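Mind docking chain Z on chain S? Use the hints.
Protein chains in written order, with our numbering: chain S, 1276 to 1606; chain Z, 8 to 398.
FYI, nobody ran anything at the bench for these hints, they're computed from the structure. All values reported here derive from a predicted model rather than from experimental measurement. Hints may contain errors.
[What the hints assert, rightly or not] Just some of the chain Z residues that point at chain S, by a computed CB distance under 7 Å:
no.: 1; residue: E59
no.: 2; residue: A72
no.: 3; residue: V74
no.: 4; residue: S76
no.: 5; residue: I101
no.: 6; residue: P203
no.: 7; residue: L205
no.: 8; residue: D208
no.: 9; residue: P209
no.: 10; residue: P212
no.: 11; residue: T214
no.: 12; residue: P221
no.: 13; residue: T225
no.: 14; residue: Y263
Here a beta-carbon is modelled for each residue, glycine too, at the ideal position from N, C-alpha and C.
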Amino acid sequence: MEKFGRAQSQKFDTYASRLLPREEFFTSGHRSCQGCGEALAVRWVCKAIGKDAIIAHATGCMEIVSSGLPQTAWMHPWIHVAFENTSAVASGIEAALKVLERKGKLSGAMPKVVAMGGDGGTSDIGLQALSGALERGTNFTYFCWDNEAYMNTGIQRSSATPYGAMTTTSPPGKRSIGQRNWKKDMVAIAVAHGIPYVATASPSYLFDLYFKVRKALETPGPAYINVLSVCPTGWRSATDISVRLGRLAVETGVFPLYEVVDGKYRLTVEVPKMRPVKDYLKPQGRFRHLRDPEINFIQQHIQANYDLLLQKCQSPFPEFAPVHIPEVGPR
Amino acid sequence: MGPRVGMEVSIAVSRAVQLARAEAIAAYPITPQTHIVEHLSSLVANGDLEAEFVNVESEHSAMSASVGSAATGARTYTATSSQGLALMHEILFIASGMRLPIVMTVANRALSAPLSIWNDHGDIMPERDIGWIQIFVENGQEAFDHSVMAFKIAEDHRVLLPTIINLDGFILTHVVEPLEMLEQETVDRFLPPLTPYLKLDPKKPVTMGAFALPELYTETKMAHQMALTNSYGHILEVWREWGELTGRHYQPVERYRTEGARVLLLLMGSLAEVAEVAVDEMREAGQAVGLLKPRLWRPFPFADLRAAMAGADLVIVCDRAMSLGGAAGPVLAEVRSAFYPLAQRPQVLGYIVGLGGRDVQPQVFKDIVSHALKEIEQGPGEEFYLVGVRG
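With the rest of the complex left out, here is chain S (with noise of 0.2 Å):
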């Protein structure tokens, strides 16, 4: 896990995924979309959580095509209430498993809480709900299945669409280069709230993936996790190139893989030579109407990002003062 460089990544696929486990949590036969990287990321996510847990799910994608009465994909006990509220439900059922732990009504180990939301329930409708369960120390894990727009309503843009994406509601025009903003920085927002645990993570890097779900749950506290899950549908990409369009966004840069340790930056997955971002755009059709000098605009401000993120992986000081409170005993 400690340097978990490309080629060593690979050797490791190649090598040790019989060491994964073969219990499926997100079954199949599910309504997701041909080559869905969330669906992916779900699936290995949930192995990775494992038996113990439970899942609150925000409405979206992935609630939408595993929930249908009186069907489910879902192995874990999993719960969907509303869109904007997942971080809620979550702090509500850690809140009642602490009572019932106290009071002896739970037999057996102490499940995990995970919190599951796409890009629109997490950073934007959702961000209030999440922002309180991380600053009153949830013990849970969230994750964000980013893909980068409202898909499951018809690819409208959220605050995580990058900048000159092409989306129903940021169309490109005579007076519009699509999106019009770069996107919302939600580890940035996550470290802000001094939790211990916060990283990316993405389903083409499959073991950088397992290993921080594991690290995250094994963190006592609030944990964020967001998944860059890859939609052919929304991206308009060819269903068969998904985890290599994910592989594309870390290797120019766009979606680096990193993870905040008690503050501390560190990258997890190193590219030792960036491509040029042209790479990742050129595969989607929701970039095609971008011309050069707009692409080398998106190329300079990625570049401008991943050197700053390196310096903050460089530096000695953490983002805030890692200092856990302890739990309140008899006083």
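Just chain Z now, kept in the frame of chain S:
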């Protein structure tokens, strides 16, 4: 029986929640509900109530966290008012649709705009159709009693519906009243620990909150409707048991001096006690006036109401909320639809009183009765009357 005390009604409600051994409480501050949750949070902080108090960042999250804790199998309580209830709106339907036995106190308060922290029923009436059991109380003792009973009703496996106890903001929440408490052992005998019908548990995983296609949605609504109407008998069962335990008996429609009454006032909440004074005075003056006080707002007690109005020529409904652009007040609309199918039905007139904390004295009810009597002599007048409104 239990000890008699003088106590602020909000404290009495939180004592009831403590005696009921609530396990998960998620709340957000809003006047005039605050004293209830403040007291509960200090009970938890001192270890006098074994519970988790979640200080959520909004009422929307208070109800969402309550859904989460109830689904995980903890006895769940919350309280709110007005804007807070309105903010919960979306999740209220989900809590009842998922059949989660959450108990909530609503300290009734007017809705903005203009902002008003004072009492009326404008907050709960827009939530009429949320599919919860909804009960109104008129004094502190009732607030205490029904706060305990609500858990037993909601958690009954034949019911499994969230339950709201409505008590008037300030007029009840902030008033010190003489009350009879119950001992913990008595409440423990009355209210056994929660046995969840289903819960989120890795040992027996379930999917909660799945979506329904058009082939199933209608059936889920029918099942919900049946659960709510069928809860009526189980509610009465719990009230009867309470009556035997405490000597305090409750009815879906309470009657006050209705014997031989030709005119019946009808209203819900704490104003009923004011109306009782007016009824006494009118009776003394020889007027055959009585008072009906529906306690059960959902499920609406149609049969009780029809039985209670027998013999009356005129029913005067006093609403404490408006149905803007519609049929006067929501209670009026319900009462009229209860009586309409009857061959022999009384005239029903609608009056709206006490909006946004406007004080209502006994004389107001006497004026309403004489105005209504004149109205029916003269034939149909206005759709409804907004009492005391200044031009």
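Hints and how they fare:
1. E59: holds, 4 Å
2. A72: holds, 3 Å
3. V74: Constraint on V74/Z satisfied, holds at 5 Å.
4. S76: Hint on S76/Z: holds, closest Cβ of chain S at ~4 Å, below 7 Å.
5. I101: Cβ of I101/Z sits 6 Å from chain S, so the hint holds.
6. P203: This hint is violated: P203/Z lies away from chain S, its Cβ roughly 10 Å from the closest one there, beyond 7 Å.
7. L205: violated, 10 Å
8. D208: This hint holds: D208/Z lies near chain S, its Cβ roughly 6 Å from the closest one there, short of 7 Å.
9. P209: holds, 5 Å
10. P212: holds, 4 Å
11. T214: Status holds, d = 4 Å.
12. P221: violated, 11 Å
13. T225: violated, 12 Å
14. Y263: violated, 41 Å
The structure fails hints 6, 7, 12, 13, 14 (numbered hints given earlier, in ascending order).
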